[in-house]
Structure formats: C-alpha cells, structure tokens
Amino acid sequence: MGALTGKAAIVGVGQTEFYRDAKRTTLSLGLEAIKKAVADAGLRLSDIDGMTSYQTGDSHSSNDMAQSLGMRLNYAVDIMGGGSSSEALVAHAAGLLAGGYCRAIVIFRSMRGRTGRRMGGQALSGPQPNTVVTSDGQGPMVGVTTPAQNFGMAAMRYMHDYGVSTRQLAAVALTHRYHANLNPKAVFYKQPLTLEDYYNARWVSKPFRLYDCCLERDVSCAMVLMRREDSYDLRHPPVFVLGGTARTMSESPSYNAGRLHTPIYWHGSNWGRNRAFGMSGVTRSDINVASFYDAFTITPLLQMEGYGFVKPGEAGFWYQEGRGLIDGDLPVNTSGSHLSEGYSHGIQMVIEMTRQLRGRADDACPNWEEGIHTYDRKAGCRQVKKHDVGFCSAWGSPTQSSSLVLSQFATAN
Amino acid sequence: MGSPKINWSKFTINPDYDAAPWWDFTKEGKLMVRSCDVCGHRWWPPGAIGCSSCGNFEKTSWVESSGKGAIYSFIVVTQPILGAFAEATPYLSAVIDLDDMRGVTGLPVRVMGVIDEGDDQAGINSKVELYWEKISADGKQMPRWRLSTQQPANVWKFEGRPKGS
Chain A
919 MGALTGKAAI
929 VGVGQTEFYR
939 DAKRTTLSLG
949 LEAIKKAVAD
959 AGLRLSDIDG
969 MTSYQTGDSH
979 SSNDMAQSLG
989 MRLNYAVDIM
999 GGGSSSEALV
1009 AHAAGLLAGG
1019 YCRAIVIFRS
1029 MRGRTGRRMG
1039 GQALSGPQPN
1049 TVVTSDGQGP
1059 MVGVTTPAQN
1069 FGMAAMRYMH
1079 DYGVSTRQLA
1089 AVALTHRYHA
1099 NLNPKAVFYK
1109 QPLTLEDYYN
1119 ARWVSKPFRL
1129 YDCCLERDVS
1139 CAMVLMRRED
1149 SYDLRHPPVF
1159 VLGGTARTMS
1169 ESPSYNAGRL
1179 HTPIYWHGSN
1189 WGRNRAFGMS
1199 GVTRSDINVA
1209 SFYDAFTITP
1219 LLQMEGYGFV
1229 KPGEAGFWYQ
1239 EGRGLIDGDL
1249 PVNTSGSHLS
1259 EGYSHGIQMV
1269 IEMTRQLRGR
1279 ADDACPNWEE
1289 GIHTYDRKAG
1299 CRQVKKHDVG
1309 FCSAWGSPTQ
1319 SSSLVLSQFA
1329 TAN
Chain B
2 MGSPKINWSK
12 FTINPDYDAA
22 PWWDFTKEGK
32 LMVRSCDVCG
42 HRWWPPGAIG
52 CSSCGNFEKT
62 SWVESSGKGA
72 IYSFIVVTQP
82 ILGAFAEATP
92 YLSAVIDLDD
102 MRGVTGLPVR
112 VMGVIDEGDD
122 QAGINSKVEL
132 YWEKISADGK
142 QMPRWRLSTQ
152 QPANVWKFEG
162 RPKGS
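Chains A and B, in that order, are what the protein sequence lines are.
Sequential numbering from 919 applies to the first sequence in our numbering.
Sequential numbering from 2 applies to the second sequence in our numbering.
Derived from the structure by calculation, the hints contain no laboratory data.
The calculated DSSO-like cross-link candidates involving lysine-lysine, where the alpha carbons are at most 27 Å apart (straight line), are:
id: 1; chain 1: B; residue 1: Lys-164; chain 2: A; residue 2: Lys-1229
id: 2; chain 1: A; residue 1: Lys-1229; chain 2: B; residue 2: Lys-158
id: 3; chain 1: A; residue 1: Lys-1108; chain 2: A; residue 2: Lys-1296
id: 4; chain 1: A; residue 1: Lys-1108; chain 2: A; residue 2: Lys-954
Among the chain B residues that face chain A by a calculated CB cut under 8 Å, a handful are:
id: 5; residue: Gln-80
id: 6; residue: Met-113
id: 7; residue: Phe-159
Glycine included, every Cβ here is placed at the ideal spot set by N, Cα and C.
Just need the whole structure built from these sequences, with the hints factored in.
If you want it as structure tokens, here you go:
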C-alpha cells in the first residue's frame, strides 16, 4: 500500500448548479462552490488554510477566491489542466496535509464552459473568423481542433479494431442518462433518452452524434480535504483517499498522429492500472461503484478496458447488457456525469463518489441527508446499495489519465 | 463532395522556430518527416522536435516522403468550427500511415490530411496520395490528399446506424 493510503479524507463537497448561461463570473461561481463545500464539511472559512485549483487560463485563482472570502492561506497553488486534474490534485492534497503544509485544503474548479472560452476553439457565435497558427499547425491545417474531432479519430479506429458500432456508444449515453434522470442536480433530471432519440440527433462529427458529447455548462465545484485524524467528528462520514494515479501519460509527442508503440486509442489507464490498485491495496473486484470520465461516449470504454475492468473491446457490450446501471454488476457514472449531468472537467465525479460512499446520495428520499434510502428507483432513490470502495477514472488528453480509489474505510480491508 | 473548399485567406501559418523549416520545405513541394540521427526513429508532426524513442533532440534531420499512404483513422466533420473550413463541410480528415516511413518500433509514421471525395468513398485502409495547394503569398503550400486510383478490397467504412439497432 502507499505511504499515504488512508491518511487523508474528503470531508466536504459543494457545487453550483449547471447553468446554460450563468451570467456570473468564474469568481462568483467559485465562491459559491467553496462556501458550500466548507459548510458541507461543518467547518468555517477560517478553518481552511490551503487552496488549489486547475484551469486552462479561463478562470480565477485560489488567491482571488481566498481574498474575496477573507481567508488567510498557508498554501495556494493553481495548476494548468482540465480533465484528470481533480484526481491529481487530491493526491497532491494528501501529500500536503501529511507533510504539514496546511491542515484543511480546498480544491476547486470554476469555469464558464458554455458561455466562456470553450474547448477547441469553438465559439457560441459561430465559426472562428480567422485562424492564426503559431506552431506546426497539426490539427488546424486539416480542420481538426475540437475534442469531439480529436477523440473521434480514436473512436473510429477502436470501432474498426474491435467490431464495435454506434450501438455500443449509444449504450453509454443511455446508461448515464438513466442515472441523470434520478439526479435532481442533473441537466437531464427526469428527461429520459431513448435509442431513437440517440439516433435521430444531429451529427457533431462522425462517429459522434449530439448525445455522444458532454454537456458544456457554466459551473463550479469544490471539495475540502483534511487529515484522517481531523476528519471524524465533522458533519458527514469522511471518505478516505486510498490511492490512485496522477496524470499517467504516453511518451509520444503527438495528439493524433504519433504513438511509439500503441494504437491511437491507447490511454494512460493502461499504464496506471497496477499502480492505482497496488497503491490502494484493493483489487477491481473490491470496487462497488465507479466513474469513468465521459467527455464522449468512447472515453469510458477505453478507461474501463485500460484499468482492466473488462477485456479490450468488451466495454461497450458490457454497457449494452445493462451491467453499469445502478443495480447492475458495477454501477458507473451514477450522477449522469458529463454526458447527462453537466460538464465540469471531472471534479463533479469525485464529488458524486464522495456522496455515494458516504451513503448520502442527494435524491428524492426524504431522509437522504441522514443516509436513509429506500433503494426504490421508481421513487427516485439513486443511492447505490453497496458503497465500501469507489473508483474514479479521469481523462485528459487522449493519452493521459488520472485515477482515485476512495473508501468509507481508512484502510482497504 | 468533391475537393473540400477551404478558404485559406482565413488561415495564417506563422510557425515558431521549431516548425518553420517544415513549412519552408512545403514551398518546394516536399513533405518532410523528422528523423533521429541517433536511433533512426522517424515522426511527424514537425513541431515535435524531440525523439520519443531515445530522447535526442540535438541532432535530427529531415527526410522526404513520397506522400503515398493509407488511412489509419478518420472523422467526418459536419459542423464548421474554423472559418476557413466553413464552406468545406462535410469533409473527411484522416490520420494517414505513410507507405515509405516507419519509426523504430515498426509502426508507420502518421500524418494528417483532408481527403478529397472522402465522405462518400473513403474509410480505414483507403489508399491516398499527396498533392499541393498554394495557400500564401510567400509560397507556403498545404499538403492535400486524394484517393488513389487503385483501392484495396478491405476498406472499412463507418456505418452510422448498424442494421438491427
């Protein structure tokens, strides 16, 4: 097991709603999420002395947030990045807490993912009028800049190599949508998706249709971590960090064209699988609930296979058999996540995992805050039945992955 | 769909120090890939200056490809994102395995290209070949790609909705 296994815990989580147009700054959104996370922990702002965040040059900093709230920090660092950053920052936080750099640390992401700078050069107003390329131009020179386009290249080759079709991609969209239908925070709460809806939707870029792609939104999410010994007497049961990986990545220099040894759909999870479980002291069969970064329907498939939950090429058929549904073999993406809850660059999946492992998924059950659930899905209960150990898998660039093993117990067994 | 109409007046190449030599070669109609003088690995894109096989970046050379290859993977872009490509949709962009270039691990060197007539005709394994289009007053040219006359039997085409689903 890792030196820090079970040493740190997530003690508070908070998020804004997923706005189509928040008409608010990333500062305002961030402050709301941070205050909610601190309150969820049962702490005061003055108890927090560390803060980290990630962004892509599109947000406010830890410094901005702390000063707006009158917080005096002992540690403040902001990193560059999108997907796969939140899990990496949890690992980072565990080290900071153990090392004594701070005693309670907030991690946040605040973005105007819909109305601010969008991923890959898209604009709400239509195509970019002019493109100036200041590097080699790979991508733009062939009209390929967005994540949907780049991941589409990986998806197409994967489908070719393993005999997978859009029917399996649809199974991912339908599974995550079903979970969003139970989640009051989700953009698609109580709005089912049928296979016909999936196939009738417009193309974004082939092989992806509209519901293969995540829901860009204006949103902020935050969480609070503390050392194990400080975490027991707070508002909710602590959720302990057992281990994981932080941006495991390929050696190859190119987004699409160059891979030294592997197909283009090969993902960092393939390199991180032994480290993540070995450090955490668990095996895949110990995992009760999981989430796989779903920027697109293809990405969960590659991560499930990369981390070894199923064999290469099988994940889509696994989804199609309903095995990822809330009462299936391994409930996945129980909030509806990026495809159907809203897109937050991954942090909401760690928040959702925290809620599930506490046994306190926010849902239609009247006493969910005390952890009392009916497990009646028709009545809107979305708490998974068994919630000892959870696994979060994240995706950055097509080759980059982070992961996180969380548990309601400080040691694996 | 013919040859996708790309409006290069809305597209400016102002390459950095690492990529500039590659764009200069395009003025002579040469498609170059970078080659490692230490271990012999070859790769594209031009902005990647270091060898991912051995870590050498101090000594590299350029080698010219014939510009014949086969589609390794592709997408069909249906939604205009870049203004230069606004009238080009739908167009097929592909990752292309060059026939005459391999890296030290044996995998082909891969480049990217828009394939003429691609949406209707092309798929994985389609044979393609290079031609050049002038895109700027200083003589820079863009590699463009068309389907070869001879096509293999095993072209894999994307099926939007499989039968029975």
